[in-house]
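These protein sequence lines map, in sequence, to chains A and B. To convert a position in the first sequence, counted from 1, into this note's numbering, add 230. To convert a position in the second sequence, counted from 1, into this note's numbering, add 430.
Derived by calculation from the structure, the hints in this document are not laboratory data. None of these values were measured; they are calculated from a predicted model. Ideal placement from N, C-alpha and C gives every residue a C-beta, glycine not left out. Among these hints, one or two may not hold up.
Said to hold, decoys possible - Sample of chain B residues lacking proximity to chain A, with all beta carbon distances greater than 10 angstroms (derived):
1) R442
2) G451
3) H454
4) F474
5) G492
6) G515
To be verified - List time: in silico DSSO-like cross-link candidates among lysine-lysine, alpha-carbon distance up to 30 angstroms:
7) A:K450 - A:K295
8) B:K513 - A:K440
9) B:K435 - B:K480
10) A:K295 - B:K477
11) A:K459 - A:K295
12) A:K328 - A:K283
13) B:K477 - B:K435
14) A:K450 - B:K513
15) A:K283 - A:K459
16) B:K480 - B:K513
17) B:K477 - A:K440
18) A:K580 - B:K480
19) A:K295 - A:K440
20) A:K459 - B:K518
21) B:K477 - A:K580
22) A:K328 - A:K385
23) A:K580 - A:K295
24) B:K480 - A:K450
25) A:K517 - A:K232
26) B:K518 - A:K295
27) A:K385 - A:K517
28) B:K518 - B:K435
29) A:K295 - A:K260
30) A:K450 - A:K496
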Amino acid sequence: MKRYSIFSLLRNSVNYHQDWQANWRSPDPKKEYDVVIVGGGGHGLATAYYLAKECGITNVAVIEKGWIGGGNTGRNTTIVRSNYLCDESAGMYEHALKLWEGLSTELNYNVMFSPRGLLHLAHNVHDMQEIGRRGNAIHLNGIDSQFLTPEGVKKMVPFINLECRYPVLGALLQPRGGTARHDAVAWGYARAADAMGVDIIQNCEVTGFKIENNTVTGLKTSRGMIGAKKVGCVVAGHCSVMSEMAGFRLPIESVPLQAMVSEPIKPIIDCVVMSGSVHVYISQSDKGELVIGAGSDLYNSYSQRGSFDLVEENIGPVLELYPIFSRMKMLRQWGGIVDVTVDRSPVVSKTPVNNLFFNCGWGTGGFKATPGSGHVFAHSIARGEMHPIAEPFSMNRFNSGALVDEGAAAAVAH
Amino acid sequence: MFLIKCPWCGERDQSEFHAHGEAHIVRPENPDQLSEEEWGDYVFFRKNPKGLHYERWVHSHGCRRWFNAARNTITDHIYATYKPGEPKPEIDVNDPIHGNPENQR
Ligand SMILES: Cc1cc2nc3c(=O)[nH]c(=O)nc-3n(C[C@H](O)[C@H](O)[C@H](O)COP(=O)(O)OP(=O)(O)OC[C@H]3O[C@@H](n4cnc5c(N)ncnc54)[C@H](O)[C@@H]3O)c2cc1C
Ligand SMILES: [Zn+2]
């Protein structure tokens with residue numbers, strides 16, 4: 231791998247940009263790998279990277295049915311934060327945020343991580359109590375947060391309509407939260423993993439498992455049988471389809487989550503603003519587009535579209551909070567299929583099949599976890615025992631009689 | 431899926447309805463004898479098929495009554511809706527339009 235630097239940039243610009251190296255090879259699958267990762271989204275690629283980098287396992291393949299980053303990784307609104315209420319969630323997401331902070335250097339690839347500050351608006355007494363409780367709880371976990379008055383919010387977002395139908399009463403600010411460039415995350419991990427010998431195999435669909443004595447030994451794919459000593463499945467919305475192939479069920483349902491972007495405009499909003507009660511979140515991409523997301527559709531689907539009426543539901547709150555945007559045109563709208571658990575927390579777990587691990591259930595909010603999830607998942611696969619940060623996210627928590635947090639105290643909104 | 435046929439009211443706009451997941455789940459007959467394992471399965475685990483799905487809907491902004499639907503989760507095409515208590519309709523998942531894998535990408 232040729233490293234990117236100011237010198238490579240200079241050299242290539244005088245060379246008419248003809249000499250840039252391909253970011254990764256496209257090898258044919260080998261007969262067998264020590265570890266095969268199914269799913270070339272951010273989480274799968276990060277897992278492969280840390281397996282090679284930190285666990286010394288380089289005989290690894292990432293198998294992707296489409297193109298890498300073409301799933302939820304490339305469809306998400308890229309919000310990164312770690313201000314989760316539950317200790318277990320805080321542990322996972324803060325671990326990820328710390329990795330985000332050094333990621334571009336680590337990968338020698340600009341993932342455009344931008345800790346521009348992230349606001350959660352409060353619109354009623356309950357919201358105020360919620361941000362109060364969560365803000366204080368996360369302080370105890372050593373995570374940054376500040377309470378803002380409405381005036382403080384106005385300072386950060388001068389054009390916000392504080393006196394909307396559900397007036398803004400305050401906000402919780404995580405200064406270290408922000409956004410990152412989703413595609414760059416997939417590409418950066420892919421390039422760095424490839425450089426250490428990981429095979430990235432695109433356009434290859436896994437269609438079944440080879441399981442002997444309740445132990446996985448390989449994968450049936452559209453490019454033939456691929457042997458594997460261990461398998462990690464990181465397929466987001468398709469995890470139930472995969473688990474069915476392996477003969478067990480997951481406590482997960484797949485629903486569409488939509489997002490949209492506006493036409494590009496000059497810089498107007500330099501932070502991320504989220505509102506759970508007037509349900510919408512918004513930020514501005516470096517291209518100038520407003521990036522808008524909200525709640526998911528509420529029916530199971532694999533359609534990657536979502537319902538039409540939800541578009542209006544997403545736009546209504548934008549107009550209420552930011553009337554200044556009322557005459558803007560929307561450029562694109564799309565959907566991704568998100569894998570939702572009843573407690574809105576992920577499943578990072580061993581499974582009933584030996585040497586088969588699943589990492590899924592990230593639902594509407596897993597982009598921010600990408601580096602942390604990949605990191606702890608790699609260590610779990612390598613050791614055959616779950617990493618302490620991943621331990622609480624076992625799929626067995628639903629069958630142990632333990633209290634399952636159906637209210638999703640992990641702060642559903644991202 | 432723009433229009434959904436409520437078995438009581440007829441075709442109405444999709445926004446009047448809400449889906450509530452897998453249908454035909456039967457409450458365990460001997461709840462006191464179930465293990466944690468079985469309770470977990472009953473309470474939290476749902477079918478999440480890619481393709482034919484039998485599921486519950488409620489006409490929340492209409493007659494407020496519940497019903498079941500057989501729907502293709504790839505195309506969102508609804509094959510049939512039927513009243514609770516009625517048997518599952520047999521669906522030909524190989525029908526030329528909605529059963530064709532080429533249309534399911
Ligand atoms: C509209 C939208 C907005 C979102 N906004 C945010 C946000 O602001 N912040 C946040 O933190 N999270 C957000 N999320 C959630 C986030 O995108 C996901 O949790 C995260 O990207 C999941 O990453 P992944 O690598 O696990 O999955 P994916 O990126 O979906 O990767 C899974 C891959 O598996 C592949 N695959 C599936 N089946 C097979 C098979 N049989 N064989 C081979 N490959 C297969 C798929 O093609 C896919 O590429 C959002 C999601 C959506 C849809
Ligand atoms: Zn009705």
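We went through each hint and held it up to the structure:
1. For R442 of chain B, the non-interface assignment is confirmed: its Cβ lies about 12 angstroms from the closest Cβ of chain A, beyond the 10 angstroms cut-off.
2. Against the 10 angstroms criterion, G451 of chain B falls within the reach of chain A, whose nearest CB is about 7 angstroms from its own CB.
3. Non-interface status of H454 of chain B relative to chain A is upheld: no Cβ of that chain comes within 10 angstroms, the nearest being about 15 angstroms off.
4. F474 of chain B, annotated as away from the interface, has a beta carbon of chain A within 10 angstroms; the closest lies near 4 angstroms.
5. Every Cβ of chain A is farther than 10 angstroms from the Cβ of G492 of chain B; the closest lies at roughly 15 angstroms, confirming the non-interface assignment.
6. Every Cβ of chain A is farther than 10 angstroms from the Cβ of G515 of chain B; the closest lies at roughly 22 angstroms, confirming the non-interface assignment.
7. For the suggested pair K450 of chain A and K295 of chain A, the alpha carbons sit about 12 angstroms apart, so the restraint of at most 30 angstroms is met.
8. With a C-alpha separation of about 41 angstroms, the suggested pairing of K513 of chain B with K440 of chain A is violated against the 30 angstroms cut-off.
9. Restraint check for K435 of chain B and K480 of chain B: the C-alpha separation of about 22 angstroms stays at or below 30 angstroms, so the hint holds.
10. As the CA atoms of K295 of chain A and K477 of chain B are separated by approximately 23 angstroms, the hinted pair is consistent with the 30 angstroms bound.
11. Between K459 of chain A and K295 of chain A the alpha-carbon distance is near 20 angstroms, which keeps this suggested pair within the 30 angstroms criterion.
12. Taking the CA atoms of K328 of chain A and K283 of chain A, the gap is about 17 angstroms. The hint holds against a cut of 30 angstroms.
13. With a C-alpha separation of about 23 angstroms, the suggested pairing of K477 of chain B with K435 of chain B holds against the 30 angstroms cut-off.
14. Only pairs whose Cα atoms come within 30 angstroms are accepted, and K450 of chain A paired with K513 of chain B is rejected, the gap being roughly 41 angstroms.
15. Among the hinted pairs, K283 of chain A with K459 of chain A is consistent with the structure: their alpha-carbon atoms are about 19 angstroms apart, no more than 30 angstroms.
16. A C-alpha spacing of about 23 angstroms is found between K480 of chain B and K513 of chain B, which places the hinted pair at or below 30 angstroms, so the restraint holds.
17. Only pairs whose Cα atoms come within 30 angstroms are accepted, and K477 of chain B paired with K440 of chain A is accepted, the gap being roughly 23 angstroms.
18. Pair hint K580 of chain A plus K480 of chain B holds up; C-alpha atoms about 23 angstroms apart against a cutoff of 30 angstroms.
19. Pair hint K295 of chain A plus K440 of chain A holds up; C-alpha atoms about 18 angstroms apart against a cutoff of 30 angstroms.
20. With a C-alpha separation of about 42 angstroms, the suggested pair K459 of chain A and K518 of chain B falls outside the 30 angstroms cut-off, and the hint is violated.
21. With a C-alpha separation of about 20 angstroms, the suggested pair K477 of chain B and K580 of chain A falls inside the 30 angstroms cut-off, and the hint holds.
22. Among the hinted pairs, K328 of chain A with K385 of chain A is consistent with the structure: their alpha-carbon atoms are about 28 angstroms apart, no more than 30 angstroms.
23. In summary, the hint linking K580 of chain A to K295 of chain A is supported, as the alpha carbons are separated by about 23 angstroms, within the 30 angstroms threshold.
24. A threshold of 30 angstroms between alpha carbons decides the hint, and for K480 of chain B with K450 of chain A the separation of about 19 angstroms falls inside it, so the pair holds.
25. Note on K517 of chain A and K232 of chain A: the hinted pairing holds, with a Cα-Cα distance of about 27 angstroms set against a maximum of 30 angstroms.
26. With a C-alpha separation of about 34 angstroms, the suggested pairing of K518 of chain B with K295 of chain A is violated against the 30 angstroms cut-off.
27. With a C-alpha separation of about 24 angstroms, the suggested pair K385 of chain A and K517 of chain A falls inside the 30 angstroms cut-off, and the hint holds.
28. For the suggested pair K518 of chain B and K435 of chain B, the alpha carbons sit about 16 angstroms apart, so the restraint of at most 30 angstroms is met.
29. Using a Cα cut-off of 30 angstroms, the hinted pair K295 of chain A and K260 of chain A holds, with the two alpha carbons roughly 17 angstroms apart.
30. For the proposed pair K450 of chain A and K496 of chain A, the alpha carbon gap of about 49 angstroms is over 30 angstroms, so the pair is violated.
Hints 2, 4, 8, 14, 20, 26, 30 from the list above are not met by this structure, while the remaining hints are.
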